[in-house]
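There are 2 protein chains.
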Amino acid sequence: MAEGRPRATSHPRVVVIGGGFGGLTAARGLSDAPVRVTLVDRSNHHLFQPLLYQVAMAGLSPADIAVPIRSVLNSHDNALVVLADVVGVDLEQRRVVLDDGESIDYDFLVIATGSKTNYFGHDDWGRHALGLKTLDDALEIRRRVLLAFEAAERERDDNARKRLLTFIVIGGGPTGVEIAGALSELSRFVLADDYRAVHADSTRVILLEGQDRLLPGAFHESLAKKAHVQLEELGVEVRVGTMVQSIDEQGVHLEDGETLESTTVLWTAGVRGRRLSEAIGVEVDRGGRIVVGPDLSLPGHPEVFAVGDAASVIDQKSGRPLPGIAPVAMQQARWVAKNIKRSLAKKDRAEFTYLDKGIMATVGRSRAVAQSGPFKMSGLLAWFAWLLIHIWYLVGFRNRFLVLFNWAWNYLMYRRGARLITGERQWERLHELSEQAERNYDGPNER
Amino acid sequence: MAEGRPRATSHPRVVVIGGGFGGLTAARGLSDAPVRVTLVDRSNHHLFQPLLYQVAMAGLSPADIAVPIRSVLNSHDNALVVLADVVGVDLEQRRVVLDDGESIDYDFLVIATGSKTNYFGHDDWGRHALGLKTLDDALEIRRRVLLAFEAAERERDDNARKRLLTFIVIGGGPTGVEIAGALSELSRFVLADDYRAVHADSTRVILLEGQDRLLPGAFHESLAKKAHVQLEELGVEVRVGTMVQSIDEQGVHLEDGETLESTTVLWTAGVRGRRLSEAIGVEVDRGGRIVVGPDLSLPGHPEVFAVGDAASVIDQKSGRPLPGIAPVAMQQARWVAKNIKRSLAKKDRAEFTYLDKGIMATVGRSRAVAQSGPFKMSGLLAWFAWLLIHIWYLVGFRNRFLVLFNWAWNYLMYRRGARLITGERQWERLHELSEQAERNYDGPNER
Numbered sequence: 001m002a003e004g005r006p007r008a009t010s011h012p013r014v015v016v017i018g019g020g021f022g023g024l025t026a027a028r029g030l031s032d033a034p035v036r037v038t039l040v041d042r043s044n045h046h047l048f049q050p051l052l053y054q055v056a057m058a059g060l061s062p063a064d065i066a067v068p069i070r071s072v073l074n075s076h077d078n079a080l081v082v083l084a085d086v087v088g089v090d091l092e093q094r095r096v097v098l099d100d101g102e103s104i105d106y107d108f109l110v111i112a113t114g115s116k117t118n119y120f121g122h123d124d125w126g127r128h129a130l131g132l133k134t135l136d137d138a139l140e141i142r143r144r145v146l147l148a149f150e151a152a153e154r155e156r157d158d159n160a161r162k163r164l165l166t167f168i169v170i171g172g173g174p175t176g177v178e179i180a181g182a183l184s185e186l187s188r189f190v191l192a193d194d195y196r197a198v199h200a201d202s203t204r205v206i207l208l209e210g211q212d213r214l215l216p217g218a219f220h221e222s223l224a225k226k227a228h229v230q231l232e233e234l235g236v237e238v239r240v241g242t243m244v245q246s247i248d249e250q251g252v253h254l255e256d257g258e259t260l261e262s263t264t265v266l267w268t269a270g271v272r273g274r275r276l277s278e279a280i281g282v283e284v285d286r287g288g289r290i291v292v293g294p295d296l297s298l299p300g301h302p303e304v305f306a307v308g309d310a311a312s313v314i315d316q317k318s319g320r321p322l323p324g325i326a327p328v329a330m331q332q333a334r335w336v337a338k339n340i341k342r343s344l345a346k347k348d349r350a351e352f353t354y355l356d357k358g359i360m361a362t363v364g365r366s367r368a369v370a371q372s373g374p375f376k377m378s379g380l381l382a383w384f385a386w387l388l389i390h391i392w393y394l395v396g397f398r399n400r401f402l403v404l405f406n407w408a409w410n411y412l413m414y415r416r417g418a419r420l421i422t423g424e425r426q427w428e429r430l431h432e433l434s435e436q437a438e439r440n441y442d443g444p445n446e447r
Numbered sequence: 001m002a003e004g005r006p007r008a009t010s011h012p013r014v015v016v017i018g019g020g021f022g023g024l025t026a027a028r029g030l031s032d033a034p035v036r037v038t039l040v041d042r043s044n045h046h047l048f049q050p051l052l053y054q055v056a057m058a059g060l061s062p063a064d065i066a067v068p069i070r071s072v073l074n075s076h077d078n079a080l081v082v083l084a085d086v087v088g089v090d091l092e093q094r095r096v097v098l099d100d101g102e103s104i105d106y107d108f109l110v111i112a113t114g115s116k117t118n119y120f121g122h123d124d125w126g127r128h129a130l131g132l133k134t135l136d137d138a139l140e141i142r143r144r145v146l147l148a149f150e151a152a153e154r155e156r157d158d159n160a161r162k163r164l165l166t167f168i169v170i171g172g173g174p175t176g177v178e179i180a181g182a183l184s185e186l187s188r189f190v191l192a193d194d195y196r197a198v199h200a201d202s203t204r205v206i207l208l209e210g211q212d213r214l215l216p217g218a219f220h221e222s223l224a225k226k227a228h229v230q231l232e233e234l235g236v237e238v239r240v241g242t243m244v245q246s247i248d249e250q251g252v253h254l255e256d257g258e259t260l261e262s263t264t265v266l267w268t269a270g271v272r273g274r275r276l277s278e279a280i281g282v283e284v285d286r287g288g289r290i291v292v293g294p295d296l297s298l299p300g301h302p303e304v305f306a307v308g309d310a311a312s313v314i315d316q317k318s319g320r321p322l323p324g325i326a327p328v329a330m331q332q333a334r335w336v337a338k339n340i341k342r343s344l345a346k347k348d349r350a351e352f353t354y355l356d357k358g359i360m361a362t363v364g365r366s367r368a369v370a371q372s373g374p375f376k377m378s379g380l381l382a383w384f385a386w387l388l389i390h391i392w393y394l395v396g397f398r399n400r401f402l403v404l405f406n407w408a409w410n411y412l413m414y415r416r417g418a419r420l421i422t423g424e425r426q427w428e429r430l431h432e433l434s435e436q437a438e439r440n441y442d443g444p445n446e447r
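Those sequence lines, one after another, are chains A and B. Residues 1 to 447 in my numbering are what the first sequence spells out, letter by letter. Residues 1 to 447 in my numbering are what the second sequence spells out, letter by letter.
Take these hints with a grain of salt, some might be off.
[To be verified] Not everything, but these chain A residues come out facing chain B in the computed CB check (under 7 Å):
1) S71
2) D99
3) D136
4) W427
[As the list claims (entries may be wrong)] Quick list of the computed label-pair ranges, beta carbon to beta carbon:
5) B:E438 <-> A:S366: 49 to 57 Å
6) B:V240 <-> A:Q93: 53 to 61 Å
7) B:E432 <-> A:G126: 50 to 58 Å
8) A:D157 <-> B:G126: 33 to 41 Å
9) B:D157 <-> A:Q93: 23 to 31 Å
[As the list claims (entries may be wrong)] Some but not every residue of chain B turned toward chain A, in silico, with C-beta under 7 Å:
10) N44
11) H45
12) P62
13) A63
14) L83
15) D100
16) S103
17) E150
18) D194
19) L420
20) E424
21) H431
Since the hints were derived computationally from the structure, they do not count as laboratory data. For each residue, glycine too, the CB sits at the ideal point set by N, CA and C.
All chains, full assembly: derive it from the sequences and hints.
Below is the structure:
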């Protein structure tokens, strides 16, 4: 690797893979340590993932929720940032292999590669059911939703228009709840006003969840019910206990034989560890997350750590896997930085424990659910708490301010600022969409 | 065309092609007229083109300078917006033909299709020399510039790094001057700080102009000299009287035999009317602009008008063609709206005269040149005038406010908020760029 100015030191080298909440926190946590840090990421920006759905729903611009990793770390003299795709790790040689064949040696390695959309073995569904993990995913969803409205405006066939204006969100976790609520608001209060052939009550947003309640897992059942009611107030059709049989260009085929016809299907039903975690050849759990010990290092490799969505860690209190949220990744990354420093000082490592400050999900404008320990909130108060906490954690003052302003504006004016369809020759995609909507399906099982 | 709610009226139908400054102003100018307006555009947004270079230079986000055409026109009950590509006009049948074979009849037609980058017969140069006319152009330039820095950071070969850090802007008109100044500032004050292997004095920005002065045409020569000096103060190498022989992946080959090696070449040397203008089969000038009469209508077709960059109009005062700037398009569009109303009222039409309020160009942070009639300005005062006027004309309060805030922030902090590399698999493009930079060229004439 070319490093420009050669480092004068021979300090141990820490390689961090990934510039998300985990990776960035690990790099920052080592800024005062006698180490050289190299952070490798495939994209040049750190993403504030909890607000990514707002980019997909045209409420925020990409730059509102993303900062260049370099600018976050440029005051850290011991940190180097490399834009590259890591294709493998040689655990014996202690070396990270990049896509162009080059490699970077390490003394310590932090794997913070995050997660990707999990179609549970049905990767072909990905063509029809869009996942939401990256800025490009969000821009593609924004494009598809806006193009569906454009196509509906030009459509003469009533059935085809119905298919274009039916939006299906699969997965009733926090992301699914947030995106279904935002999508319903966008359709009813913003877009319906802009199109002559679209009325608020002609758009349909359907949220499908396989389990018998929303927000399964960590959220209390009373809050799940509240979220259910809040979504219905926003006009979302919520269907729990509904299993998906298959997804194709006609729409979603349910296990009970029903077909929900739609040209826009979004998938938030699951994530799994990235390919790299499996490529390394260590033990991973069912979700492709790397199994780590109590100090978050790999069994047999105390110099290698995994954090955040890349790591499989069981919560000692609840007995359940820790949720894939930013606070978990950040607490683990701080812990890893601390343990690396302890190793350098020849001290014993400490075991990681997760301090659960709570979880929350927003349901559109002015509605949310939140819980922290025994304390539960819902409605407007929870929404304000959600808003403040998310703005607070956004990296950098500028983003915080802009996001606050955008939110306030949207809230007051029912407007969306970033309703742009970008990408070359979108009118051609419009036709493809119209053709898809106009096609005749003889039966629900025809693909 | 499906129009949703059928219009109850049988008012004459005005079709406007294009949602830029001309088209949008024409549609707005007809809001109180007894007509049905249909505005057709290939993209869903109106673009504030004068600040487009700021998106390319990572200073502003796309949504800061673009608004959905629908939201601009949604309070106009007589206006319909269609996202489509117009492929032809049947002047005899009075019908506009869309890409999908559908057509729209008109009683009046306003052609406001704007212009596209003109490579003067060398369309193959477009692969290496990027033009700047659309949001996608701007995002591609932003991507290429940021990737060049990323590739330079990883590059070991000094010559290859030099090629990656050499940026060539071809064309010394207002856009070329603005982009060269902004690019030099971005390189020296923002990016150089973020990369270890890049220093302020290792980046080169070269501005090439074929004529013997900058800002040829409407600007006074004394202002051209001021802009020249201001650019040099910012570190731009300005070369006037320099003709380009060819452009390829090695860089730019000049007529005098010199080769300027560079992986990033930007082209602002000219624009021409869009293909549609030529496809209609009416008289166009050398630049592909439609020749119109004194009332801006087509000779022999009083029901068809052309405005802005799509129209070829000679200024009666200067004897030169009117410049391709927003005030010209907007004044012409207002005139056309007025003349359509006069025709409906069976009144005689009025001849268009252009009221020249002045022209200006900005040269990076806190420098600009401006002239209005005999009055000339340069430096900080001109920059403030430029800033105020551009913010004032931005469509909609929200954009105005955001742009002001972004500008102030950049000005104070030497920071750029939108330094995002988006688009799939950018690390692969990084390699292509590195390979291009590392290739050995035996002689300047080898392609």
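Are there hints from earlier that the structure breaks, and if so, what are their numbers? 7 and 16
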